[in-house]
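Chemist: Sequence:
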Amino acid sequence: MKRTSFPITAVGLTWTGSPRGVRLRLIDRSGRPGAWQDVTAGCPCGKDTEILRTKSTTPPNRALVPAHGSYGYQLDVDPGVKVVEAIAIDAGRLGRKQRPTPSDTPSKSDPGKTPGASGSGALAFPPPGLMLRADWGADEAKRLTADGRESSPTRFTQVQAITVHHTATPVDDPDPAATVRAIYEQHATSNDWGDIGYNFLIDHQGTVYEGRYSGADGIPAHNADDEVVTAFHTFGFNPGNIGIALLGDFNKEQPPPRMRDALVRLTASLAARHKLDPLAGITYLSPTSGKSTGGPALGGHQDWTSTECPGSAEYLDLPTVRERVAQLTL
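Numbered according to my numbering, the sequence shown spans residues 35 to 364.
Rather than coming from a laboratory, the hints here were simulated on the basis of the structure. Some hints could be false.
Here are the simulated distance ranges between beta carbons [as the list claims (entries may be wrong)]:
id, residue 1, residue 2, range
1, ASP62, ALA180, 34 to 42 Å
2, LEU364, GLN192, 18 to 26 Å
3, ARG54, HIS102, 20 to 28 Å
4, SER326, HIS102, 41 to 49 Å
Heads up, the beta-carbon is just placed ideally off N, CA and C, and yes, glycines get one too.
From just these sequences and the hints, can you work out the full model?
Modeler: Take a look at the structure:
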């Protein structure tokens, strides 16, 4: 049993073995445990470089479990399951601890500001709302080493594909910005990726959140040369692949209308910007492994690897998303 001195927003878990072999119960302030709940592994994200380091094509299981202000948790696991790490996250506190980015000086990884291009103004079909990293409370110190360097330096490549994910968290989230901060904390520190693994995230109200840091030019996910920053959302297929995560679990239900509309408008903006045909297939070339793989220009995570992501219901809805994007862009 793990007790905390502060109310926690979420519990971040990493484990090996069965993706459904973990159970968790939350502990209230008085020390009383709640009911056991099954934990289902979320999106199998990860850095492509992990393939080269570990010789594995399968990342460990990871999940983010809402904790609703609890003061601890207890785990129970099946035989053969090993919990690699468990962290208690206070996303409310994270949102109050912000620092400026290390430098606004242009460089290869931070190419400088582009006049007139910022926020939703850089999108052809802007969604109803766009929250930049500062808006949702990203603590930029999480990206940095002790001496102020980027833990995962930004790398940019030409766009090849757009991939849709789900976070396997509750859909009707009362504080989605806090959930984005919790995902950021888990990805950047617990997973040791140095940043959040997605390029964009979308909540049930249709608000779009800027994900992976891409420099101080004000263009989410891109540099001034219109290349996309490499994130960590599709293990083995990250460079040149824009990852969009829907906040929720869409195995049994489709995303709410506002979320679906925002997904269409965001992907249409990106497809138009990078001249992608949303109805077409592509041959993806991995700069990491040098291998070529066929897949969709606009697809779901399970088009690239063995996973339930972005959820069965959302995956079945992707043909409709493609058609709506095509109506806007082709």
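Chemist: Quick check: which numbered hints come out false for this structure?
Modeler: none
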